[in-house]
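> Residues per chain, in single letters:
There are 2 protein chains.
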Amino acid sequence: MIILVDMDDVLADFEGEFFNRWRAQYPDKPYVALEDRTIFNIENQYPEDLRELVKSIYNAPGFCKSLKPIDGSLESVLEMQNEGHEVYICTAPLTVYENCVLEKYQWAEQHLGLEWVKKIILTRDKTLVRGDFLIDDKPEVTGAAQPVWEHILFNKAYNKNVTGKRRLATLKDWKTILTKP
Amino acid sequence: MIILVDMDDVLADFEGEFFNRWRAQYPDKPYVALEDRTIFNIENQYPEDLRELVKSIYNAPGFCKSLKPIDGSLESVLEMQNEGHEVYICTAPLTVYENCVLEKYQWAEQHLGLEWVKKIILTRDKTLVRGDFLIDDKPEVTGAAQPVWEHILFNKAYNKNVTGKRRLATLKDWKTILTKP
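Protein sequence lines correspond, in order, to chains A and B. Each number in my numbering comes from the position in the first sequence (counting from 1) with 1107 added on. Each number in my numbering comes from the position in the second sequence (counting from 1) with 1107 added on.
The shape of chain A in the complex, shown without the other chains (with noise of 0.2 angstroms):
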């Protein structure tokens, strides 16, 4: 099977590293907790006096590479390599794409190792790239063409409405999907 696997909220903790960063460096500012995200994009939850100043945190160099394992992402991506599927990191820059881009790759390297860079697949149109699955957080990923692969929507409080498809909570269950429904 071709596994394509999103990077941030699925491998990588954005959101977390997002809210831990807002929280210390302004404390006295409103905040979303991570269980009450609604809206996918996180400056669209905030008041939009806010929204640069959340774009800020996000966008600052360092912040890509920074970002935390999400718990049994990398064993589960490892697994499913050594059990023979091809596993490819289908991911989006951002769109301030200064920063992001060669973190994600750092990103990789750092934690899964190099040649893990060569699975990187940089798109903003997901549906252009071919796979089984697509492991990815986003409610709905659209794009220029009809999607070939099945999207395996990962479990975040903002895609908690999303109905019909399937879901997993945690990537270490990743071969519940294997078995078609």
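What the hints contain is simulated information worked out from the structure, not anything from laboratory work. Fair warning: there could be bad hints in the mix.
Pairs count within a copy or across copies, as identical chains cannot be separated in the list.
Said to hold, decoys possible - DSS-like cross-link-like pairs, simulated, lysine-lysine; straight-line CA separation at most 30 angstroms:
1. 1175 x 1267
2. 1225 x 1267
3. 1287 x 1172
Assemble chain B onto chain A, guided by the hints.
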């Protein structure tokens, strides 16, 4: 149609820039003229003791960003898009990814505009990308999957002996590929 266009040596003059820098920086060292290039990877056509030096040229900071657009390439991809095709820049990072990854994005922004940054698909394996055509100078484009696109070979000295593929000598002639043989 979905048209995937390679970056190095289709849109951007990687070979030319390498040659100019090599001659300027090492005027006393042997060199391979552009028309005598027979091997896709430049360093493999140089004596073994010069290969690290060759690589140090194209892996240098600023190299990828400084590449000149190949004559006609920018107008042609804009024309493809204006005529209703979906055009993507499908490009593989160099093995030493530290400089080229970000610089490829900067190159696209500088020469084509921010909108085209969103059209970059950065992948080592182009067979995983869907499209009708891939315009690429690499003699053989292989990977994990059987490609769904037709490889249109972009003429370079090092691919002149490849047979069995349709070719473009310049992107200006791109419309000729639309007529299926």
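> The structure should be examined with respect to each hint, and the outcome stated for every one.
Results for each hint:
1. Taking the closest pair of Cα atoms, residue 1175 and residue 1267 come within 30 angstroms of each other only inside a single copy of the chain (23 angstroms); across copies the shortest separation is 48 angstroms, beyond that limit.
2. In this assembly of identical chains, the alpha carbons of residue 1225 and residue 1267 lie at most 30 angstroms apart only when taken from different copies (28 angstroms versus 32 angstroms within one copy).
3. Taking the shortest Cα distances, residue 1287 and residue 1172 never come within 30 angstroms of each other, neither inside one copy (35 angstroms) nor across copies (45 angstroms).
Violated hint for the displayed structure: number 3, the only one.
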